[in-house]
Amino acid sequence: MSFPLFARTLAWQRARWIIVGLATFGWGVLIPVIYSAFSDAMRELATSGVIPEELLSFGSGSFFSLPGAVTLGTQHPMAIAMLGVFAVGATATAIAGERQRGTLEVMLSRPLTRRGAYLTVLAALLLVVAAVLAALLVGFVVGAAMQGILDDLPVEHLPMTFLNGFLLWGAFTTFGMAASVSFDRPGPAIGLSLAYLLVNYFFEILGSLWRDVEWTQEYSLFHHFQPAEILQGALDPLDLVITGIAFVVPIAYALLVFPRRDLAAPT
Amino acid sequence: MEATPTPIISTRGLTKHYGRIVALEDLTLEVRPGEIFGFLGPNGAGKSTMIRTLLGFLHPTRGVGRVLDMDVVEQSVEIRRRTGYLPGGIALYDSMTGEQVLDYLARLQGRVARRRVRLAERLQMPSSDLRRKVRDYSRGMRQKLGIIQALQHDPELAILDEPSEGLDPLMQQAFYGVLADLREEGRTVFFSSHVLPEVERVCDRVGIIRHGRLMAVHDVRELLARRRRKVSIRWRGAAPEPGTIPGLEDVTVDGDRLFGTLHGDVSEFVRAVASPSLEDLTIEPASLEEAFLEYYADDVAEPVA
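Which chain is which? The protein sequence lines are A and B, in order.
Mapping to our numbering: the first sequence position 197 is 212, numbers consecutive.
Mapping to our numbering: the second sequence position 131 is 1100, numbers consecutive.
It is worth saying that the hints were derived from the structure and are not from the lab.
Note that CB positions come from ideal geometry on N, CA and C, so glycine has one too.
There are no misleading hints in this set.
Selected chain B positions facing chain A (in silico; Cβ < 10 Å):
1) T1018
2) G1025
3) F1026
4) V1046
5) E1047
6) I1059
7) I1128
So here's chain A without its partners, still in its complex pose (with noise of 0.2 Å):
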């Protein structure tokens, strides 16, 4: 690990971070308000059977109850947009960016390894995308306690929605700055990185959708992250354990690889 490496990689885009941490912390806010005012009208439009019930389960969550609203509000698009800008553009053009501006070998002509290097800035981001998933978790607590419904919301199983989350989301970024070190440009790193976020969340919004193919969710890992269930202290230990193995895999890929590329002079 190389401090200096690791503090300017947080300084790397930080007004971006920022912005982004304060989005995604109004987003947590927004989802218990918006539990407060709808749910009862979800309700009755669920037993109406004016809409099909599966709208109302997008991604395997619900407005029926606080910790549902939770589970769709860390699965809504705009959560995984504001959580994939890091975990997949932050890291996809972490290594590959520098690559391909040149940068990078004017830092490893430094006494630094390749794996203390990749480790460095995969640890910054890491740290990044921990802090947006906690801004996302307290927004919610914060929305929840401004909406006088805090007691639905199960706080003390939040440490263990967050590790879940964290590696759910770290499994993405893992992910990214592998891709990151296997290549010489970040297009294609990008375009790899945000292929297996895409997949993995189509399989887990068709499988909610459409019951008959209700096996899909079981390839996506978003399917191994439900905030509800966490919440409720039903956690099953195999999402843990599936997120975790998703999560360590591209690192032992990365810490192969990297050290062994040829890194020529860039074009």
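Guided by the hints, dock chain B onto chain A, whose structure is given.
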């Protein structure tokens, strides 16, 4: 008997292939402590590949490389700790100021930037320039900043890839002054270039690379001493018989002026032509470029084993 000092850079059979493309082939070379070694070759000859292999960016296909008596594959980190490197066409962090870039890279290096002030003075980079964002720098200023970052921590060995690229003639002179300082302090410099007059001016020895093969290694002074010079002489009255002037070849006479090519010892030649009737004598200064063109005119020179 005095022991031969350990070379600062030594390679034996160093080879780098990219699939079927041969970037370096069987390159054997030694750079001695305290010398300025020029690594000369046209673009694409393998200069940067050699440098990148020495610094551990590329893994050799075959052969052995040692820098500061350490293996380039196994001890690359320690090599980089004691080396300063200027990449060819250096890219720096555009959003930082020059000063921030230097501070950041010095922190990464883990060594005090004790040479920075002196280098900045030499290369005319005042604090006002260093406080500007790199994105506002001209190409020459970026290159100067690149040179400073490579040398600011006072490395034992400087590896510079085309260091004078982008510098105006005045700054090139200043840079040569920096190299002279390093030589005086016993530092070793390995630098690549395709500019022959530059190599001629600053290097002690020069290696010529072509198509990934080391074609020759020469002492620059010896090379200059043994290559031909153009001569023009004018006498009042009758000129001496050209055959009587030692070392003079390809003689042509145009009126009272004699032109020719001088080979060998200059002092012998001057003694022979010196006479009261000698009116004018011009010996064109040594040009390494001509020496190399002469040396490689047929493009069939055998690579150095």
